[in-house]
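A.B. asks: According to my numbering, the sequence shown is numbered sequentially starting from 157.
Simulated from the structure, these hints should not be mistaken for laboratory data. From a predicted model like this one, the values you see are computed outputs, not experimental measurements. Glycine included, every Cβ here is placed at the ideal spot set by N, Cα and C. Fair warning: there could be bad hints in the mix.
DEER-style ranges, computed between Cβ atoms [what the hints assert, rightly or not]:
1) Lys-245 - Lys-202: 19 to 25 Å
2) Asn-212 - Thr-273: 29 to 35 Å
3) Thr-206 - Leu-307: 54 to 60 Å
4) Lys-186 - Glu-299: 28 to 34 Å
5) Ala-320 - Lys-270: 19 to 25 Å
6) Ser-255 - Val-324: 31 to 37 Å
7) Leu-307 - Lys-217: 42 to 48 Å
Think about it this way: if two alpha-carbon atoms lie no more than 30 Å apart in a straight line, the pair counts; the simulated DSBU-like pairs of lysine-lysine are [to be verified]:
8) Lys-194 - Lys-217
9) Lys-186 - Lys-213
10) Lys-345 - Lys-268
11) Lys-229 - Lys-186
12) Lys-334 - Lys-302
13) Lys-190 - Lys-264
14) Lys-302 - Lys-245
15) Lys-235 - Lys-268
16) Lys-229 - Lys-194
17) Lys-235 - Lys-302
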Amino acid sequence: MASPGILPFPQLTSSNYNNWRFRVEMLLEKESVKEVLKISKEDFDKLDETSKAKHNKLDTKAKCIIVQCMTDKHLEYIKDAKTAQEMLKSLQNVFERRSTFSKLYIMKKLLKLKCTTEELQEHFMQVETLLRELEGAGATLDESNKVCYLLLTMPERYATVITAIEAVTTNISLEFVKSRLLDAELKFKDSEKYEKQENSKTAFYSTKHTSIKCFGCGDNHFLRDCPKNVNKSMQPPRGQYRGYS
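Generate the whole structure from the sequences, applying the supplied hints.
C.D. replies: Rendered as structure tokens:
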């Protein structure tokens with residue numbers, strides 16, 4: 157655990173750029189230096205000397221935070237950058253490859269993705285992560301696109317729910333669809349719980365019944381009811397047991 161006053165620095169890897177960028181911007185905002193990312197070179201040139209000095213001080217602090225969020229492996233990408241804005245721009249050019257092949261690769265992952273977990277919330281997180289990566293690669297997705305990608309990943313057991321969603325005539329949002337799917341998940345779990353309870357009762361009664369053993373043949377009935385017992389006269393009368401009257 158980090159000591160009080162020490163910032164937790166997320167480290168950039170080859171596969172976490174989108175989440176890393178979000179965390180870094182939150183750190184910059186927490187340290188009140190995120191505003192340096194919004195000032196262009198033209199805007200900077202229009203500032204007076206006092207404002208420029210203040211901006212440069214904040215920019216230096218922002219650059220230090222960004223550098224501490226990177227491993228030696230990726231420092232080469234930003235060493236030539238003069239400002240924090242240029243640093244993040246250089247990283248964006250490297251990790252957000254806005255190309256057709258990048259979008260195609262992420263789309264394939266989305267289309268191959270299938271819900272295999274019993275917890276839909278976990279699956280939703282996987283889908284939304286890929287959707288953000290797809291947008292980061294340059295794709296433009298509206299709510300209907302996101303809904304379609306999500307529904308394509310759902311298993312057959314949700315077919316009825318999906319059909320009901322398709323019947324909705326108004327514009328539907330991703331949050332609406334997720335809510336309907338979660339409602340269905342709760343119903344499935346309640347049904348499965350009830351089925352397990354019924355199966356448990358059935359198994360109990362079955363076990364209780366099969367515990368009856370015939371002394372003659374060993375099958376599940378009393379000796380008096382045994383079809384293989386030819387000496388019926390030796391059996392005790394119905395309602396009576398040996399040793400009792």
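A.B. asks: When the hints from earlier in the document are held up against this structure, which numbers fail?
C.D. replies: Of the numbered hints given earlier, those the structure breaks are 2, 13, 15 and 17, listed in rising order.
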